[in-house]
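Got chain A; can you put chain B on it based on the hints?
There are 2 protein chains.
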Amino acid sequence: MIWSNYLIPTVKEIPADAEVPSHQLMIRAGLIRKLASGTYTYMTLGCRTVLKVIAIIREEMNAAGAQEIIMPIAQPFELWQQTGRSEDYGETLGRFKDRHGRWNVLAPTAEEVVTNLAAGEIKSYKQLPFNLYQINTKYRDEFRPRFGVIRSREFIMKDAYSFHATPESLQEGYQAMYDAYCRIFNRCGVEYIIVQAESGQMGGSGSHQFTVPCETGEDLIVYTEDGSYAANLQKAAADPLPKQALSSQAPPPQDVHTPNIGSIDAVCSFLKTKPQEMIKTLIYSAGDEMITVLVRGDHEVNQEKLTQTMEGKYIELADETTIRNVTGAATGFAGPVGIIEKIDKLLIDHAVANMAVGITGANKTDYHTRNIVPGRDFPLTGRKVVVTDLRNVVEGDTYNGKKLLFRHGIEVGQVFKLGAKYSNTLGARFLDEDGQEHPCLMGCYGIGIARIIASAIELHHDDDGIIWPISIAPFEVLIMSANQDDPEVTRVAEQLYRQLGSNNIEVLLDNRPERAGVKFKDADLIGIPVRVTVGRRGLAEGKIEIKLRRESDRQTIPIADAPQRIEAMVRQLYAELS
Amino acid sequence: MIWSNYLIPTVKEIPADAEVPSHQLMIRAGLIRKLASGTYTYMTLGCRTVLKVIAIIREEMNAAGAQEIIMPIAQPFELWQQTGRSEDYGETLGRFKDRHGRWNVLAPTAEEVVTNLAAGEIKSYKQLPFNLYQINTKYRDEFRPRFGVIRSREFIMKDAYSFHATPESLQEGYQAMYDAYCRIFNRCGVEYIIVQAESGQMGGSGSHQFTVPCETGEDLIVYTEDGSYAANLQKAAADPLPKQALSSQAPPPQDVHTPNIGSIDAVCSFLKTKPQEMIKTLIYSAGDEMITVLVRGDHEVNQEKLTQTMEGKYIELADETTIRNVTGAATGFAGPVGIIEKIDKLLIDHAVANMAVGITGANKTDYHTRNIVPGRDFPLTGRKVVVTDLRNVVEGDTYNGKKLLFRHGIEVGQVFKLGAKYSNTLGARFLDEDGQEHPCLMGCYGIGIARIIASAIELHHDDDGIIWPISIAPFEVLIMSANQDDPEVTRVAEQLYRQLGSNNIEVLLDNRPERAGVKFKDADLIGIPVRVTVGRRGLAEGKIEIKLRRESDRQTIPIADAPQRIEAMVRQLYAELS
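One line per chain: the protein sequences are A and B, in this order.
The numbering of the first sequence is our numbering, which starts it at 474 and goes up by one.
The numbering of the second sequence is our numbering, which starts it at 474 and goes up by one.
In case anyone wonders, no lab produced these hints; they're calculated from the structure.
There may be inaccurate statements among the hints.
Okay, derived cross-link-like pairs now, PhoX-like style, lysine-lysine, Cα gap no bigger than 20 Å in a straight line [what the hints assert, rightly or not]:
| id | chain 1 | residue 1 | chain 2 | residue 2 |
| --- | --- | --- | --- | --- |
| 1 | A | Lys894 | A | Lys786 |
| 2 | B | Lys611 | A | Lys611 |
| 3 | A | Lys485 | B | Lys596 |
| 4 | A | Lys611 | B | Lys570 |
Quick list of the computed label-pair ranges, beta carbon to beta carbon [to be verified]:
| id | chain 1 | residue 1 | chain 2 | residue 2 | range |
| --- | --- | --- | --- | --- | --- |
| 5 | A | Arg656 | B | Arg1009 | 18 to 24 Å |
| 6 | A | Glu594 | B | Arg988 | 18 to 24 Å |
| 7 | B | Ile667 | A | Cys655 | 29 to 35 Å |
Cβ coordinates follow ideal geometry from the N, Cα and C atoms, glycine included.
Isolated chain A (complex conformation) (with noise of 0.2 Å):
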């Protein structure tokens, strides 16, 4: 391709709204712009490295046995109302009305389209197991889209489902496709560590999420120096705190005015206490359950452990109207005491039942008591009782003894066991071989394709722009005339050019009668990994130069030996990646 016939239009400020260098970085070297909060085009260079993903996925997924597919982006809404998950998503679903008034789901995934497809098509357990996948846009509408690609409402995903007759044709199937994103990730240079996942809204059995680790990541990861434990914030488990005892008998509970004081940092600083002292009551509706939930005051609820504990359904917090009819008083002064009576459950966290006394909501608004003992002012025990994990780990804890160590990171992908959440509701049945009816077991298996790329240039950038691990970058080779007004430097450069690629390498050519040095430094910004400089000088002496983005040592050759110097350092850059 030759620079001046196309495209690509790097900039030199640093964009105001990006906020990680791999943003920023993407709109500087013209690869990508904004068209709306959280919508990009992707531009020459971009579509280049978003087509250089997709065919490494497409390779990996074809050699692991799964086939492609391509399902419609606007979906039936009535799927999603089948499956409860039109709820579950909230306001994150996008969804439109057609001109004949049936509603439609703007697909942010697919197991209810893929699972309705299976039902009609499996009849026995010959056609299984098989996996199916698309590559396809997706659309979340995000409340705060951010971070360019990486937390966009349109986004191209790599989706696949598989179907399966046991659980250990299940487990096969997951673990080809485990295999299978390891080869992926590796194959495009991104470094990346696979930590335990919970399923979540997915309402499975089993996930593994694929993390790069990356200080501008949003997701947490939580390990063991040893290695021997990883996973993301929202599965992370801990050690139970322990037993805390008291040195004499708790006084009795006392009320405390504590005007238009709700906040646990308030309340701690007003009352002189600390928030590991105090006992957080937040009340939930799920449907039409009522439902609270206890966390030290110094802990936060994890959302995917309470989702877990309600068995998957759609919880969101109460409104204040709600919470001033379950506590009598306003927000900021709910607390366990006598609750029990108004409620359908009480979740009470581990560490709050292990807390010898506390202080709490009054459930009367300006009021809050102290010397509250769990187990003698509200039960720890009975049948609407559920004592459990339901926090976030926090510095200092421990799993299995070993301290907990935290890490920040971009997922990339996640493997999910489905089991037959999916298959059950929407019917995707088989008949065994003694002609009995069961539901399939399914896996689903997602990679997002811009979190690749900006992942990529996260780990590999340095001040002057990115560094490309080969086998995603637009080109693999930069040719740059440094004199586009000598006629000899740009016949070199141009059948330099036509050599490389008539032996297939990828040559960007930069014949744009432009500077020397406005060149070399688009060339840093847009990090073709191996870059050619002709130019006046070396061509005196027969030679030209060539030089890795990522190295700064530069190499002096003759012209006769570029084509094989520069096809060697090629292959060689592959080779490192598989």
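Structure of chain B alone, referenced to chain A:
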């Protein structure tokens, strides 16, 4: 690929809702499955064909110097308001409100987005010309989706947009696309004709349509036998009909009572006259303007010609209340006499202007008027009056004195010169060598991927199934084991499968434990161009059978010659398409 590992759900029954062969065969051969009205999932075989068509298009677009990008499917509604097309598209435009209350359009095409993009990047004539294309999902909320993937709500389209500084450059870019389209359709194995077309809603200045002639096509092509003229129905012009002369002076207009008789046919039968003796009077609104259109009773208004006459404005038939306000009568009784006072424009088709005398509505409910003389009883000239071509051509019309012929077809692609319509409105301007600012001149170029596939099937099938052009067949070769229970048969079949595969031939191996009859039927149905049969009887003589899907001849050849012979057949089939 091995049949028994994949989901290839062939069916015997013709689906009840499939009217045309391509729709029937795409369902029966397991290429697609319907999800909802106008949306289809491409199954494994269908997806392979889609990817092949896409690969051909991508190669030819790149070879023509176009550069690929990916634009979002969710487009800001404001851009469509700026060009006025939010109105022009009517209910066909899919739209949705996001969680922040902003309206989004589901891309039916991307002139607005690409011009907006170009406006942000183009500064100088030095950047021009360029051509940006994408292969991406489109949505059009068709009132009545039908013919399977031919008229669906959601579909994959290749859309390209070129930007130029001069009309000469636009012409060059337009011709490059025109030529690329010819190569694309040739390579895909669909015979096409190129006709002049209107640019309609696109608002451009010239257009050609690539149409595959076939009986079941929705589009009408109009042409002269000598090939000197070909246009689609929207564009086709006819020689004006001769001016009719009266034998004597026409008597004055005379009202006749036609109680509850409003339609042309009813009036004709009641008054014992013919449609060509009547003047049809139609009331339209175009924004604030009221328009009256006159065509002969046996003619149909051509919406494209009407739109052109109104300079691209969105025009719709007036509702009953408006008709009553303008004419003072119920629908069905409008007429041209005296109407000029009440409207903004009177558009008269040539054929009406050339009538000697006619019958028309009386602008009085339940009355028509005889003896209406154009020019005497309503004006043919004046500030508000336009006499022009406003109707569809019909059987019997001529062009340059040659008889017009009609043929059905499927539109598979169209190229447009847009001129400056979008660049003016959306600010895509450049500075010329003298520092003067001009709007870019644009072209746009579309291809429907699914329509190529459907029309290939319409052209190439027989009673037993599809006969794929090899270039877009899901596989090049099908190997069938006729006796799957015979280990020697399966061994030879598998060995040949591997041999051909290692030479990059795309082979499907039908190793299902089915009777040979079932396999032969499925082979004909899915239409792989080369069929290889390995059977017990042949093997006894060291032979296998090869057969082209399109021919009835079978050849029995020695096993040793098979790879070479099959590869030669494949090469020959490709050679026929280049």
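Hint check:
1. Lys894(A) to Lys786(A): 13 Å, holds
2. Lys611(B) to Lys611(A): Holds, because 13 Å separates the two Cα atoms, which is no more than 20 Å.
3. Lys485(A) to Lys596(B): 16 Å, holds
4. Lys611(A) to Lys570(B): 16 Å, holds
5. Arg656(A) to Arg1009(B): 18 to 24 Å: Distance hint for Arg656(A), Arg1009(B) is violated at roughly 41 Å.
6. Glu594(A) to Arg988(B): 18 to 24 Å: 21 Å, holds
7. Ile667(B) to Cys655(A): 29 to 35 Å: Distance hint for Ile667(B), Cys655(A) is violated at roughly 50 Å.
Hint compliance for this structure: hints 5 and 7 are broken, all remaining hints hold.
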